Amino acid sequence: MIIDAHGLRKTFTTRSRKGTQTVEAVRGVDLEVGKGEIFGVLGPNGAGKTTTIRMLATLITPDSGTATVAGHDLLKAPGAVRRNLGYVSQAGGVEEATTPRAQIVMAAKIHSVPDPAGATADVLARFDLTEIADRPGRTLSGGQKRRVAIALGLVHSPPLLFLDEPTTGLDPQNRANLWDRIRQLRELGTSVLLSTHYLDEADALCDRLVIVDHGLVVAEGTPGELKREVADDVVTLRLDEPERAAETLKPYARETRVDDDVLRVYVDDGEHTLPTLLRALQEQRLALSSIALDRATLDDVFLAKTGRSLRDTGAAA
Amino acid sequence: MIRHTLLFLVYELRNTFRNPIWPLFGIVQPVVYLLLFGPLVAGAAGQPISAQLTSFAPGMLVITALFGAIGVGYGMIYELRSGVLERIAVSPAWRPSIVLGRTLRDGVVLMLQSVVVIVIALVMGMRASLPGLAVMVVLIAVTGLFSSGIAYGLALSLRDENGMAQIMQFFALPVMLLSGALLPMTLAPEWMRKVAVFNPMYHPVVAGRALFAGNLTDVSIPIAFAVMLVLAALTVTWSVRSLRRIAG
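Same order as they appear, the protein sequences are chains A and B. At position 113 of the first sequence the residue is numbered 106 (the working numbering), and the sequence of numbers has no breaks. Converting from the second sequence to the working numbering requires adding 24 to each position, the first position being numbered 1.
Note that these hints are calculated values from the structure, not bench results. Please read all numbers here as calculations on a predicted model, not as lab measurements. All residues carry an ideal CB built from backbone N, CA and C; glycine is no exception. Certain hints may be false.
What the hints assert, rightly or not - So these bits of chain A aren't anywhere near chain B, every CB distance computed over 10 Å:
no., residue
1, G27
2, S57
3, E88
4, V211
5, Y259
6, L271
As the list claims (entries may be wrong) - Here are the simulated distance ranges between beta carbons:
no., chain 1, residue 1, chain 2, residue 2, range
7, B, T261, A, N77, 51 to 61 Å
8, B, L136, A, E89, 40 to 50 Å
9, A, N77, B, L59, 53 to 63 Å
10, A, E89, B, R183, 30 to 40 Å
11, B, F195, A, S134, 54 to 64 Å
12, A, G182, B, V132, 16 to 26 Å
13, A, V16, B, L59, 47 to 57 Å
14, A, E89, B, P116, 18 to 28 Å
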């Protein structure tokens, strides 16, 4: 176990003229991340993902809870934790005026890496940055900067890497490129804890994940397990009387859910169930305006656990 | 501990001098005062400029320290926003070294800036005591530690450029005028002289005038060193603590 955290809590207090406000950012999170795993923390903005990562990275002290990170007690030995950690924040921390090479060499020196220049050359090559290594940071593209940020966190070969929303703001090509590089870390045995609000990212990258909402873990498992828990497939119907349709289809479904004029029917083996559903609707003279059959996604898991769609929480914006 | 501080100091110095336009920018204001205000003071006092500069130039060094701090404060806010500080905070670096390395860099930069300002004043005809000049450069470095300490403490506490700008604007001008850097406090009414003593920047200006004039045993010199060393220790400690607050 590379991370073993129990009951992490953090409440922030802000004082303003309107009085004191408290925000319970994290309300008791347990995380168990195995060695070599890519572990995801999926949730909408404000769910407590960044606060959780910042606590585990020794940046904020939890109000309560215990954690062992990379073999050391988070609260008693934060210095030892830091030596074994790579941390890439949302902001990235790439300096504008300095070249990637100079920044990475400096990071290597701070970590007392035996051969800072050599380690820097290695990590630059691994992230295809050698050509741009001697240009000032401000001249780099968003995707290049992101790769420099990760190289900065990896130059000392830490057993554990934290990535806070690694692909936010990147275009599709750069995202796919970065996903491949994160997968390569698994081959090298580096454990990764990444936070994301992208469903496809969590699905594509993570060996296991937790879904967090309002500072609590609402689901945990492999992407496959989580989705199977809900259903194999989702039939999405648009029609005038969704409530009556839901009643009609209930016997054939694992679950039904109505949002405005949209009815979602969760079924196993959707290809074969679909004709049955259509027949049942026809018998009840329910007129359909559209129908779609999809594989269940992590969004369906989120919807099942929280009653909201991750897409509707403004996270995708 | 010392290794990390030196590491940051060297790294930051290299960054600063890769593009020396900013430290040069920092001495524009004092040099403009030297060139365009010094002669006015000399004219008002009915003295030749060469004599007047001996008492006018020390104030310009203090102004360099004062306004240089504003710039480094903004630099720190940028490092906060871009995630650079956060990244360094999740490293085995000894925490105080992160701020200490930057503060010492400011001291070194300020010493070099002081030398340039002094050379310009000498070219303009200033006569001054050489050992006095050397001691003044050291005093200015300590003054710089104090003002950087304030700037970093404010930057890390406020974490906001606008708040920083307002506070700096609010204090910079009265502090400058009450230091006697532009016009000596000997011209001031009684109440102003009493208030000026409580302005930290007043002391290096007075001590600087004694040093430039060659009065190396003047009591204002140990007073200025004592005041600045104590205040520098306090403000640098404050800035180091402020860093702890944002980064655990």
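Results of checking the hints against the structure:
1. Against chain B, the non-interface label of A:G27 holds: every CB pair exceeds 10 Å, the least being about 22 Å.
2. Residue placement check: A:S57 keeps its beta carbon more than 10 Å from all beta carbons of chain B (closest about 16 Å).
3. Not every beta carbon of chain B lies more than 10 Å from that of A:E88, the smallest distance being close to 6 Å; the non-interface claim is violated.
4. In this structure A:V211 is separated from chain B by more than 10 Å, as the shortest Cβ-Cβ distance comes to about 27 Å.
5. Non-interface status of A:Y259 relative to chain B is upheld: no Cβ of that chain comes within 10 Å, the nearest being about 41 Å off.
6. Annotated as non-interface, A:L271 keeps its C-beta farther than 10 Å from every C-beta of chain B; the closest such distance is 53 Å.
7. Between B:T261 and A:N77 the beta carbon distance is about 30 Å. The supplied range of 51 to 61 Å is therefore violated.
8. In this structure the supplied range 40 to 50 Å is violated for B:L136 paired with A:E89, their Cβ-Cβ distance being about 23 Å.
9. Evaluation of the 53 to 63 Å hint for A:N77 and B:L59 yields a pass: the beta carbon distance comes to about 57 Å.
10. Evaluation of the 30 to 40 Å hint for A:E89 and B:R183 yields a failure: the beta carbon distance comes to about 19 Å.
11. Between B:F195 and A:S134 the Cβ separation comes to about 41 Å, which falls outside the hinted range of 54 to 64 Å.
12. Separated by about 43 Å at the C-beta atoms, A:G182 and B:V132 break the suggested range of 16 to 26 Å.
13. Range check, A:V16 to B:L59: Cβ separation about 54 Å, and the 47 to 57 Å hint holds.
14. Checked against the given bound of 18 to 28 Å, the beta carbons of A:E89 and B:P116, roughly 25 Å apart, stay inside it.
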